[in-house]
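Engineer: Please model the complete structure; the sequences and the hints are all you need to start from.
What follows is each chain in one-letter form.
2 protein chains.
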Amino acid sequence: MADYKVPMRDIQFNLFELFDYEQHWQSIPKFAETTPELAGAILDEGAKFFENVTAPLNQSGDKEGCIWNEGVVTTPKGFKEAYEQYVQAGWPSMSHNVEHGGQGLPPSLGQIVTEMSGTANWSWSMYPGLSHGAMNTVAEHGTEEQKEKYLTKMTSGEWTGTMCLTESHCGTDLGMLRTKAEPQADGSYAISGTKIFISSGDHDMTENIVHIVLARLPDAPPGTKGISLFIVPKMNLADDGSVADHNGVSCGSIEHKMGIHGNSTCVMNFDSAKGFLIGPPNRGLNCMFTFMNTARLGTAMQGVAHAEMGFQHSLEYARDRLQMRSLSGPKNPNGPADPIIVHPDVRRMLLTQKSFAEGGRMLMSYCAKLVDLIESDDDEVAKEADAKLAFLTPIAKAFLTEVGFESANHGVQCFGGHGFISEWGAEQNVRDARISMLYEGTTGIQALDLLGRKVLMTQGEIMKPLTEEIHKFCQANEANPLVSQLVDATKLWSDMTMKVGMAAMENPEEVGAASVDYLMLSGYVTLAYFWALAAQKAQDTIDAGTGDLAFYQAKIQTAQFYFGRILPRTAGLAQTMVSGADNLMAMDVDSFAF
Amino acid sequence: MADYKVPMRDIQFNLFELFDYEQHWQSIPKFAETTPELAGAILDEGAKFFENVTAPLNQSGDKEGCIWNEGVVTTPKGFKEAYEQYVQAGWPSMSHNVEHGGQGLPPSLGQIVTEMSGTANWSWSMYPGLSHGAMNTVAEHGTEEQKEKYLTKMTSGEWTGTMCLTESHCGTDLGMLRTKAEPQADGSYAISGTKIFISSGDHDMTENIVHIVLARLPDAPPGTKGISLFIVPKMNLADDGSVADHNGVSCGSIEHKMGIHGNSTCVMNFDSAKGFLIGPPNRGLNCMFTFMNTARLGTAMQGVAHAEMGFQHSLEYARDRLQMRSLSGPKNPNGPADPIIVHPDVRRMLLTQKSFAEGGRMLMSYCAKLVDLIESDDDEVAKEADAKLAFLTPIAKAFLTEVGFESANHGVQCFGGHGFISEWGAEQNVRDARISMLYEGTTGIQALDLLGRKVLMTQGEIMKPLTEEIHKFCQANEANPLVSQLVDATKLWSDMTMKVGMAAMENPEEVGAASVDYLMLSGYVTLAYFWALAAQKAQDTIDAGTGDLAFYQAKIQTAQFYFGRILPRTAGLAQTMVSGADNLMAMDVDSFAF
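Those sequence lines, one after another, are chains A and B.
The numbers in our numbering rise by one with no breaks, and the one at position 185 of the first sequence is 185.
Here our numbering runs 594 ahead of the position in the second sequence, where the first position is 1.
One or more hints might be untrue.
[Claimed, not checked] Pairwise CB distance ranges (calculated):
hint, chain 1, residue 1, chain 2, residue 2, range
1, A, SER60, B, SER762, 19 to 29 Å
2, B, ILE968, A, SER328, 35 to 45 Å
3, A, VAL589, B, GLU675, 31 to 41 Å
4, B, SER654, A, ALA185, 49 to 59 Å
5, A, SER60, B, PHE1188, 24 to 34 Å
6, A, GLU81, B, SER1016, 24 to 34 Å
7, A, SER328, B, SER762, 26 to 36 Å
FYI, nobody ran anything at the bench for these hints, they're computed from the structure.
Note that the structure is predicted; figures quoted are calculated from it, not measured.
C-beta: ideal position from N, C-alpha, C; glycine also.
Structural biologist: This is the structure we're talking about:
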């Protein structure tokens, strides 16, 4: 059951029917050469690669896991070879700057490749995935020399990169970090400390790994304002830039964990390792935001990946598995029983997965356009896109990973008892999905970022560009049977923002008390907008008498499902988020258990 | 983190304050000798045993798993020795009939021991747990000779039992099963076929295992009306009842699965194995209901177990882990950060776990009383208890396992990234919990049982004893600030029953379309009743000036949390369940994916 089929029809629908990427790419000079034909050809190649090369390693990678032996990590069988093929085909350089060996294709196109790679085999995809974040960080904050030395090698895929933030006593609260950077006579720094949870921290795929490390200078102020960013290569470089001797970096152990067994989660020991300051001193956390935003959108995609994977597997099973008869009479009268897809509750689970996978894909496609637009020559356009993306990123990260995990669980449920058995792959999908709500900022942290830092600090201004876009859509499409419900949902969202804001002025604890519910409500409403948009586009296409009728009807039906059976979850959230922080805060710490 | 502390104060509150078990046991002649002192002494012993003997094997059992080697299953290190101690202490016989070696204690007391055993180590608890179901089946349907031969040995714990229902092509749809039973000249039957997913199907703890097997007689009608029940021992018995030679039963393999690694999930091959008919021919499924009801309540308890385990672990972590400052100012000013229990969202997760663990325990305590009452000398009392239990069993099974899984997941979330790492135990709790929504009838099957077979077939009559009890409570406690919300919730439940019933008359698919939402709503309202009851009892005790104030205040605060932040989930369910089956059924099977 390791099969994965890229949902190319849906991807194409998003790109060229729903979001008009043809015009979009043309509007940005540096991406103007990306035609639908070029994009289509690249995506077809990608589909072939990930369906045939990395998807078949997903289950074996989980079973085998990574092996640590005296500081050296060996990845599961086939991972290294797949990575070699990936590099040979030029995938790492795709959406990176041409100056350092990139192909200069739009980030939005890269994101679809990330979706394919991640759905096919999330653990494997994290090796190039983390590298991607490290590359962006060096590209944005590195000196020309650093770019020449490190970025070009990462862009070609010869080396990979990692991000070293977390320490055992601090994950969310990076202000407490202790890793030290001592200035050396040659201008470098001696980095000492221990980092944990370093994804892809060590592996056998490349001869060098470029670690981006948060550490403190000797004179640094305490807290988050005293953190600096360093490049620390696994192998020191010779003068010609080639790999020389070992740096003082080693992998102390790897974690035994619930899922993503194919990816090495490393404890990294830095023992006076040679490091190089990147960006200004004590501004490391600010520089890190570049990476964090990339990583958060990447993790948001993990939600889509697990929803899609769960959906594909359970759909196949639901069509094949014969069990019981339909409540409205046999649908497979010549067989011993009906396929379980006839049962309404099985359909409810399948459509939940489908509406989250396709809905999440729409949200990600929309965000990817904004990522492209940040590269626009028009500063105003870039600024607007940046603000919208800042608003949507925590929603995408937390909401999509939450519903991705839900979808993965429906995947298990559709299989009945077989869902619990490893060979079907459904349970692996749940285990792999579980991390997505934790790393790159938990759901709770995303929710505080959304509600506290973004919505309330701007007094709701930050959400207006999106809600105004929704209003415009609703006004223009009043005949759409979903629109009145969307109007209500958007009004509810605004009302709740106001109510939570008022409550927060009285008591700051109300922010944390409401935040996750608020984030989830935001996600449900945002996805409702995209589903209404998709249904409208599908109806317009049907009305025009063009296209594949069944495809567009299914879009409309999935939208109807979403509005009928998912969106009403907001009713409960709207009540709970303003039920008062007291019901959370009143209990004495000692009274939680007796 | 394998620690488990029996929540004895809460158990005692349920037994002797909330549900007046003292009077209850006295009202049933056969249990009249069970005084609070006796029960307390037994439970204290149980707490010692499970806290110290089986809980420490929970994590190692998961890591090691069971090993299959040429038909022989070896359980994880220490499991066999723990079982020996368990038998020596007399636990298997506790709530079984004295005629066959039992101690004749009330099932309700046995259920608390099941909770302790299951929370300490669910995998281990399934060896005696399945045996318990097999014992009940033989006790109810076996001949005197069968009881003498098999039941006494299972009651003493010398042997264990299993239930062999599922085949690879049929789990839910037992009517399709193929295992054959050929009558033999000596009155026995030759049983041939393959069963899968047989929990505790083989192990190294006892010299014999008594399998209760569903199979077909040669002349049996097709479907569920042609299934008979057989006793098939692993080892044949000599004339004196001792173990003789191997019967034709063997374990073909064990499953690799998501969780409960310490329990063997076996493929059992029956190759002309000697079996003995139990109960009337072709009535096997009816006889099996005895077991199924026991098993469903047992699995319901699994929901409580994982909620409790998740709660205990994450509470400990949330009190210790320092990360970030409280939004309302530092609470641990001398430390580097505040313990995460100061954060409202962490409290939201902890209180969700707590309200489900304690709420589930109340529901189970209530059900256990009904189980006891079935043994009442008063037929009317027994009949009423039976009907109420029939109604509550699918709610308890499906709702408590769903919220138990949710709670286990909150457990992971409270740990942040550490929740994903095996050594903390939080992720094992999720993996172990996941099976509970699948076996003994999936959530979907329980929901159809509740709504289709029970509520709608009786036109709602079956729910009336409970809803009338709730109404009486509300009338008697109008001053309780939770009561008006409980009145509304109960009315909503009745209204939704009516609405779904009306819709189902038009279209039978509406039953399946509404069933899971209906079940979940039923669960939320039922638990709301128990939380209101608990809050009232706590308030009464506080008003009387007796007892430990902090304990009773925490009960009231948890009830307030439940009403404020959990019960409102019913608002969404009430909308989705009547959103029309069309949004599920309209899509063509071929249109789910393109």
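Engineer: Indicate, hint by hint, whether the structure satisfies it.
Structural biologist: Evaluation of the provided hints:
1. Distance hint for SER60 of chain A and SER762 of chain B: a CB-CB separation of about 24 Å, consistent with the stated range 19 to 29 Å.
2. As the Cβ distance of ILE968 of chain B to SER328 of chain A is approximately 36 Å, the hint placing it in 35 to 45 Å holds.
3. A C-beta distance of roughly 39 Å is found between VAL589 of chain A and GLU675 of chain B, which places it inside the suggested range of 31 to 41 Å.
4. The hinted window of 49 to 59 Å between SER654 of chain B and ALA185 of chain A holds, with their beta carbons roughly 52 Å apart.
5. Taking the beta carbon of each, SER60 of chain A and PHE1188 of chain B are about 29 Å apart, inside 24 to 34 Å as hinted.
6. At about 28 Å, the CB distance of GLU81 of chain A to SER1016 of chain B agrees with the hint of 24 to 34 Å.
7. At about 28 Å, the beta-carbon gap between SER328 of chain A and SER762 of chain B stays in the expected band of 26 to 36 Å.
In the structure shown, no violation is registered for any of the earlier numbered hints.
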